[in-house]
Structure formats: structure tokens, C-alpha cells
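There are 2 protein chains.
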Amino acid sequence: MKEHKSHVRLPRRSKRSSSRPYTGSDDELPFGPSQACRCEHCAIRNRPKPTDEDNLRSTAMLRKVDAAVEKNFEETLVDLEDFVRLQSVSADLELIAESLKALCLYRDRLERMRFNIFEYNINAPRGACDTSPHPKVVFAHYFSSPSKNTILIYAYLDVAPAKFEDGWLSEPFEFYMNDDMLYGRGVCTGKGMAVCWLQAIEAWLELNDDLPINIKFIVEIMHAVGSVGLQHYLEVKREFFLDVDCIVFGNNSWINDDKPMMSCSLTGWAHFGLEMRGAAKTLEGGLAGGLVYEPMTDVCALMNSLVDNLHVLQIPAIQHMVRPTLVTEWALIESAIFSEYAYKEQFGIRRLRFELTKAELLHNRWCQSTMSMHGIEGCYSRKGSSMAMPMSVMAKFSIKLLPDQTVNLVHTHIEEFLRTKCEELKTRTNLKVHLLDSCDPSMWGLDARYSKALVRSISRVYQLEPDLSMNIVTCLPIASTFKKITAKPIILMPYAHRMDYSHVVNESIPKQCFLRNIKLCTGLVHELSLLPARCKCDVIFEYCNRQGIAEMLKPHTEKNLHRPTIFAHMRRTKSVKPRNQQPAEPDPNKRKNLRDWLCAPFRRKRMSTTK
Amino acid sequence: MKEHKSHVRLPRRSKRSSSRPYTGSDDELPFGPSQACRCEHCAIRNRPKPTDEDNLRSTAMLRKVDAAVEKNFEETLVDLEDFVRLQSVSADLELIAESLKALCLYRDRLERMRFNIFEYNINAPRGACDTSPHPKVVFAHYFSSPSKNTILIYAYLDVAPAKFEDGWLSEPFEFYMNDDMLYGRGVCTGKGMAVCWLQAIEAWLELNDDLPINIKFIVEIMHAVGSVGLQHYLEVKREFFLDVDCIVFGNNSWINDDKPMMSCSLTGWAHFGLEMRGAAKTLEGGLAGGLVYEPMTDVCALMNSLVDNLHVLQIPAIQHMVRPTLVTEWALIESAIFSEYAYKEQFGIRRLRFELTKAELLHNRWCQSTMSMHGIEGCYSRKGSSMAMPMSVMAKFSIKLLPDQTVNLVHTHIEEFLRTKCEELKTRTNLKVHLLDSCDPSMWGLDARYSKALVRSISRVYQLEPDLSMNIVTCLPIASTFKKITAKPIILMPYAHRMDYSHVVNESIPKQCFLRNIKLCTGLVHELSLLPARCKCDVIFEYCNRQGIAEMLKPHTEKNLHRPTIFAHMRRTKSVKPRNQQPAEPDPNKRKNLRDWLCAPFRRKRMSTTK
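Heads up: the protein sequence lines correspond to chains E and V, in order. Counting in my numbering, the first sequence runs from 1 upward without gaps. Counting in my numbering, the second sequence runs from 1001 upward without gaps.
These aren't lab readings, by the way, just hints derived from the structure by calculation. Glycine included, each C-beta is placed from N, C-alpha and C at the ideal position. Please note: incorrect hints may appear among the correct ones.
[Claimed, not checked] Chain E residues, not near chain V, derived (Cβ > 12 Å throughout):
1) E171
2) D243
3) P316
4) Q368
5) Y462
6) M470
7) L531
[Stated by the list, open to error] Covered by chain V, per the in silico footprint, the following chain E stretches (three or more residues, Cβ under 8 Å):
8) 71–85
9) 106–115
10) 357–366
Model the full assembly from the supplied sequences, consistent with the hints where possible.
So, in C-alpha cells, the structure goes:
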């Protein structure tokens, strides 16, 4: 724990006038009364400035928590093993039950830590007579106190398909550990990140019956298949996000082995539909062939006009909007670990674009806007052959957007270009350009308060300043979607290496790195607890008068300041069987006697998975 | 019936040596002993030449049959009404029961006429939990005598979708008749043709307990959706075709109101798959975008290179193989009835190709090879948007082939062209050209014996020589498929106008034309009965010793030469209810006592459909 001492930093405080109303921006908040709350007894408005003693006490607590994390590390690995063993491959509909098992396991762990649980069914598109269970998404909420910051953690428990035959050295769904590496499908993607958070929160609760911040969770099992159905609940359950201060995603952003890299920007996208219509309905090839102009032919011509031989988009104005890459960022890209040969080998690719230099290649991938063609709706796309001549087809292509591209401008450019080409080609079928889906790219300052909190955590854990970059953009569509719908600040926690290989075979993470990621979680909880909170009376009625777990426990903890906490006690007696008189955990939505439930013992022992 | 007299022609006889073995060609067969049959008592080999008296007797019979057809015409229209009323829309899976009703109705009529019935289930692709009944195909066989010719009639009973709202003047599925036109979905396509054959055969049977030829039927209800599943049974049930002399299709080939047009050629087709493969599996757009070359982009470029702005195939060699159109055929095309305006209006088309002159336009449609693009397999073709980058896609296009194009040569040209373009474009993804499905075009002489039989029938019914053309090619894929699989001669009976409108709204046929089509069927039966038959001992064991209905009835008919036939008798007493003691019609496959079944009365009264 020595390594931490030199890096403990106190939160910076705003020098601006405290009378300035809170604008919802990502900047530092002033201490002192918030303009938004008109409540006379607002605990948050009337909260005293934290003293140095407070800060030192909380830093000391963090050190204890981290020590507990180290002590429990063996158990953590058993936890990870439990999750890895479940073959939660979301792309395989037959394995949906395994994914649900993983979700239930995680949900039960959260529920034991006094999270309120909300489960929603995902109505993914499926066959009419498919009787397999519906996938679910879990929303969870630990409400400690209105005077604390609230973070939302996004976690997912599904993985990409994996088979031993693909070239794994061990069974992908059997957790395998050698001296310093952890192997198994999911260890450096969703499952690994989710287990880190679980351990961090459990460690906090064990040492201190309460958490220093409010935590919400969204846990899903459809991440690998585009988070089907989640967007619906993000839009419908907007009240869940009202009191959230920032959203935390784990992401794989390390680009070299030296130190973690912290991203401060997210890609956006614009999906276009290029619709050509030649007639009101599909015609029979035998009858109408040679008589009518075919939209498929025109679509191919237009799609072809968008790019040159080298697949470069022929609208320079769109590329010009992208922020130039800085010299430091070029240096970072140069240092990136990437084997062109291994990449090609893995996917069976013959040639890569820009393969002359590694930096050019990676720059094009990470720092350039690119176009992809996905398919054509309305055409004959099954196996075999058909005589049908589709008369209304829509080609789908998308452009990955980087800061400072905007959906609006790109849309205008694309539409103008296609209309001009249509004129040039004298197409006889009708063109319509649709914007099917879009999300602006986003970028936040390296000096935003959440970025700084993360930098402090990383520095404490790794004893290094992380690499910082705004122009090496992270592509994490689910984060962009959260940002678009909730407009909340985003924290991208560097978890592992860029996912060039991780998704494929021998997914692995160094043991030390995994431990540090848990400490990164505890550290982030600590750092966020130090940031000033604001009263959310402007969005939630009488927010500052709400009673959280902290308020309930207060008389209790004040009386027994040095008493071992409930959780620590339970850890020592965890071999004792749960008492029969322990009340069954009631449905959180109908919970009547909060005190009963609060004092229910926290059993750290994992639920056994079906082995 | 006067109109027929002047046109009765006796069959021509071959002047060639009768010792020449039968080669299976379409030419006239010699009378006299066949080389193929080594049977000592072969009735066919030892058959005497038909005398003039025989011919006159059979012509007189045809005249009686045609008189009966006229007399029964009102009942025929009621029959047609029964079929039109059934909404046998094969494109609508929910209406499959209606299609099956139509098929059962037809099957029962055939069974009553002593056809042997074989039913086969069509395993059309459908949803896993679809419990609707399977569509079926009916094979039927009336075997009169081994010494008679055998024809196979293809009939279908399904129709294209139709709704009153589409612009029909009457309900599409309610048969409507005004002074000289018959309206209703199906009257000038499958149902109309099928009812014509039913009436023609019933008229023959009524006047003469037996038919002058052997008739086989294939009746299906999936014609409008590409005859799904039928090809399987054509290939599996090859023994059904062994003794078939020719296959008769009704087709819509009239191109003007003046006279029927007789086609002597069928289009072929070549379906190509242009496969481009960039990597071993689909990649995620967000991760691999900008890094790899995308097959979709290359496919669009290659497809675009195949045609110019005006959608004309850029491989002149393919077009040069097509037989030139004769001056007489140009004149025929000039006389064609076709309203460009109505056509565009109907399908909501803005511009047609070659729309400067009608003749150019129709020539391009009927006499030119054309290319159509159908779709792309493996791409994202559903609604909405996707980030997936398909890495192995196959574009599908087809070329309609006309005589004298051949699949092999066209394939070679296409493959060579695409490989050259690939080199030019320097595509980095791998090209493969597949020939997915193909059928050579076919053409038969205007002086082939079956063509001549048809010309004689047409001339007798219409008092006109039909328009003949080999280069205005008929596109009837199911006929091409039969030709490809069975290699039997084809007769295309001109039934109605080219299907520019018929498939769409207000499908109709002149009443007189419908009546003449029935007479065309009876006439064709007569003409084919006059053609010399050959013994099929070379393909079917002891064929000439088989006992058909004619052999069974012979002692009976010889004794009572002037006795009214069973069928005529039944017509007079058809208001009498079927007697109870009448034996139930046994399963034709297990029929024991053939004589019992043969003498079962033939009830002409239709089965009532569910009204």
C-alpha cells in the first residue's frame, strides 16, 4: 500500500463565485448553497466544506479498502471463474439461458448489497414460436444519501462466441490461471469489468456499512449483439437517469504495455439509406426484364460513385471536418502494439488498407472518419437464385463520425453528392436519401472534473500519469447511445488493451492488471465521493429530503463508531449457515420495513452456480 | 360446326425408310414395325396403317365432341366460376387451404374420369412452427392403350394476388360475365387453361367411353411463386415421364387481336453469383472500419462495371449470339397491342427503356437477352441499420438467354469480363464467379410434327393460319425446366394475350376465345391421336403388352357399337341422385377389380365447393 501515499490528492476547489447557477455543465461545482434548491433545510446546500481531516479520513478508508481488496483477491478470482464458466454467448439464441444465469448471479450479488433491483424483459426480434426465455436487463440502485454523488455503472455479462477449436490454448469457458495471466472468455471484456466493480463495492461495504457515493447499475446480456432492446428502456425509464451525475464505462483503450490510455472522446455515426424506386412493386424478371430500369443497377452505380478504387470516400469536405491529430498523438500511435500480420492471420484477410506503415494504418483506424457499406434492403438476399426484380431497394452505408464532424453537415454533404451523381448518371429511378440512425461524436475536456478524478485514480494505482488523448477516439456505441439519450458526462475507465485480439482467441489479462482495475474502481468511488454534490431538487421533487441508507444508519454508526461493521462480522462467520429466523428478502419494490431489510446480514459468500 | 370441314387434314406420312431406328427426335415417325420393340406380338409394331375411313371416322368424332363442348358451355362457365371463387393466392401462405381446395376439386374431377391420381407433398421452406397444411402437387394418368400417343398436360390452379381496391371493376374472386367477356382472377391464366382441358376431356369421354390418346397431368398450386418443390418431383419421379411423347403447356402468346401466335422457342437463363470475400467472418464496423477492404464496395464496383448508364450489358459478345429478328417478326412486333402509358401507370414506373418506339421497346423485351440484378446474399438486408461489415457477400444477377445463346459460352464471357475488371480495379478482396442455376434456351422447328399438329388444330378452330415465330421467344420458366429435365418435345398452346395486363387488374378473356380454347384442346387430342405412336418397350418393360382402358372396354364396345355410352347415359340422368349401391371409388393405387371401377358411372356433375 506504500505506493499510494505520494499520490493522494485533495480535490481542487472552484475559485468562481458560488452564486453562479449550476448549468449542468461538466465543470467543477462550487461548494455552498445551490441555486436550484429552494428547500430551507437542504442538507446539501447547507453542507459544510470538507475539512482536511475529513479528506484524510476518507483517504485512510480508501487505503483500508484497497488492503481488503488485496486480501480478498483469491476469492475474487473464484468469482471471476464462476462468471467465465457460464457460456453466455448472446449471439447464440440457444445459450440465452446461460446468459440469464449470469445475469441472475450478478443481480443476486447486487441485491445482497442492498441494491434495489428492477428487471425488464428485452423483446428481441425472434421467431414466432421461439419459446426460449426472454433476455433481460437489470437496473439496480444503491441510494446512500441525497448529499452524495450518484454514478451509473454500465456492465455487461455476455461474450462473443468462442470454441477451443478456434485456437485456444485452454477451454475458453474454463477459467485458467498461470503465474501472472488470467485466461478465459470475457476476462478482459464485460465479465472482467463487472467482477471488478462487484469486488470494489463489496470491499467498501465490508469495511464501512455504507458506500461513499450512490451507485446505479445497468447490467445487460445483449452487448455483443448491439444491445438489442436496451435503447428502448433508456428512453422509457428516463427518470432512472435524473439524479445520475456521470456514467462509467469500462473500455479497452490501452494501446501499449507501458501505461493505461485515457480516452476523452467517443465516435458518433450516421447511417444512411440510399433508396431507389423504379416501380410500385417487385416485377418478374422474365416478364419485365429489358423493359424497365432496375433500381439495383442504379444503386450499385451510386454506391460505387461514393468511393474510389481504394475505398476512400470521395467527399473530401467530410474528412476535413475531423480534428487534426496532434504530434503527441502520432507518437502514441507509433508506440501502439499492433501486429499487422497477426491481425490478417486471425481474420483471414489478404490485404489491409494503408498497410505501408503501422502508424498510417492505425491512424486511419482510430483518427479518421470511414465509410462502410452494410447491405441492401429489399433485394433478394437469401441463398439460391430468384427471378424477381426488386423495384424498391435501399442500400445501407454508414459513416463513422469523429469530433468535430456533425451529423447535420455530413448528411447535407452526402445528400448533395448523391443528388449530383444522380443527375450525372441520368438515373431513371427515383432517389431518396434517408438518415436512418445517427449520433453525434462527443468529446470532453481533459480538464473536466470527472476526467480529473479518473486521472487521479489512475495515477494513484499505477504510479503513472496515464496517456491522454482526445483525437484517438474510442468507439463504444453503447456509450455514445447513453450520451445521446441522457446527455450525462461519461467516464471511460481504461480496462485492458484495444480489442484487436481480445475478442478472438486466448482472451487474457495479467493478474496484476486485474487487481489494479479493482483498485481503480475503489479509487474512483473515493475520488467521486470527494467531488461536491449538488442538490437535485430541480429534477426530483424534494430530493434533498430523501432518506437514504446513510441517513438510516447514522444513529447506529454514531453510537458504535468503533464497532466492527455488519459486513466484517459476517465475513468472519461466513461458514455459519444462515439462520432460519432471518427474514426472507422481500420484493424490493414492495419493501415495507426498511430497517429490517437494512439490518439483514450481508453474506459475502457467492451463490453457487449450477455446476 | 361448318367451319371445320374445309380444314380437316390427314396426317402426313413419312417418306423415309421405315427401317431407320427411332432416335427420339421430334420428327415424324414411320408407320410400321419399330426397331426398338422386339416383342413378337407388339400391337404397335404390327398395327395396320390407318385407312381413310379410320381418319374420316375420327374426324366425325371430333365434330361430335366439339358440338358437345358447345352444348355444355353454360356448365363449363359454372365450372370456371367454381374455380375462380377459390382464392388460391399462392403468394399468401394463409390462403394455402384455398389453393388446396382448388387442387382437390380438380383432382376429384380427374379421378372421376378414371385418372390414376398420385399426390405429393411440397416441402416449401416455411417457419418452424407453421402448422398450415403443406401444398401438394398432383400427378394423374389416364392410360387408354399402349398403342396410343401419350401427352403430359401441365396445369396450375394458383393465381397472383388481387384486391378489389387495386382497380378491379368487379370483385376479382367473383366470376363476372358480361355479353362477351369473362372476368375474374385466373380466367386467362392457370384456372382458365385447366378448365378448358377438363371440359375437352369430359366431352371426349361423354361421347366415347375412352380417349383417343393417353393423357397425363401434372397439376400444381405453386406456379406463381416459382413452382417451389415441383422440380424435386420432376427429378425424382422420372419414370412418370418415360412414356410421355410430348408436354403441353398453355401460354399467353397472342400479341395482337387478329390471330393466335404460336411460339416455337423458350427462353433459358443463367443465374450468376459474384462472390467477394474479404475476411473469414463478418467484422464489427466500429472496430475494423477503415482498416480492411470491404467486399460490399468491390461488389458494387464490379456490378456497376457490367452495365452502362442505360443498363445495357457491356459484353457485346453475349448479345451477338442471339438470332437476328426476321423482317416478318418485326412486322409482327409492330402489330402488337401494347400501351406504354398503361404499362407505366399500372406499375408506377416513371421511365421505360427504349421507349422511343413501341417496336424497339417490345423487341428489346421479347427478342433480346437482358440482364437483371436481383440482390446480394450475405449483406445486411433487414430494416433498420447495422454496424456489421459483411466480409463475404455474393451479388446475384441473371441473364435471360435466347436461342442461340448457350449457358457455357455466356458463363465463360461473364467470368472473363469480371476477372479482367477485377484486375483493372485492383480489388483487394477475392473474386469467385458461381453459376447458380442455368437452363439453355430451346427452340424447335416450325415443321416438327407436334408443331404441325398444333397448327392444324389452330387452323381448324380459328379458320386462320396462326402467326409463327421462333425469335419472339416465350418466357415460361416452368416449361424450360420440364424441357431441361425430361428432354421431351414441348407444345405451347396459345391461350390468351401476352400477360402485360392479365396478371394485374380486370383479368378477362372473351367468351368466344374461351370456347375456342376448349375446341383447341379437343382438336389437339384428335390431331395427336392421328400421329403414329411408337412402342416404348425400350424404356418400359413389356410396354406393348400392357392393358389400358381401351383394351378392357374393347369386347364391350364391339358388342354394343351403337349403344349410347356410359357417359352420355349419365348425362341424361344426372339429376338422379347417385345410387347408394354404387361402389365407393377405391384408392387407385390399391385398385383390385379394374372392371368394377371401369364401369362405375361417370358423374359429370361438379362437386360442390364450399360456398
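Against the structure, the hints come out as follows:
Once the 12 Å rule is applied to beta carbons, E171 (chain E) is consistent with being away from chain V; the minimum gap is 21 Å. Distance check for D243 (chain E) against chain V: the nearest CB is about 30 Å away, which clears 12 Å, and the non-interface claim stands. Non-interface call for P316 (chain E) relative to chain V: holds, since the shortest CB-CB distance, roughly 16 Å, exceeds 12 Å. A beta-carbon of chain V is positioned within 12 Å of the beta-carbon of Q368 (chain E); the least distance is around 6 Å.
The Cβ of Y462 (chain E) sits about 26 Å from the closest Cβ of chain V, beyond the 12 Å cut-off, so the non-interface label holds. No Cβ of chain V comes within 12 Å of the Cβ of M470 (chain E); the nearest lies about 18 Å off, and the non-interface call holds. Its beta-carbon lying about 31 Å from the closest one in chain V, L531 (chain E) satisfies the requirement of being farther than 12 Å from that chain. With 0 residues carrying a beta carbon less than 8 Å from a beta carbon of chain V, the segment 71–85 of chain E misses the three-residue requirement, and the given coverage is violated.
Remark: the segment 106–115 of chain E is not confirmed as covered by chain V, as 0 of its residues place a Cβ nearer than 8 Å to a Cβ of that chain, below the required three. With a threshold of 8 Å between beta carbons, the proposed coverage of the segment 357–366 of chain E by chain V holds, since 3 of its residues qualify and at least three are required.
The structure is inconsistent with the numbered hints 4, 8 and 9, although it conforms to all the rest.
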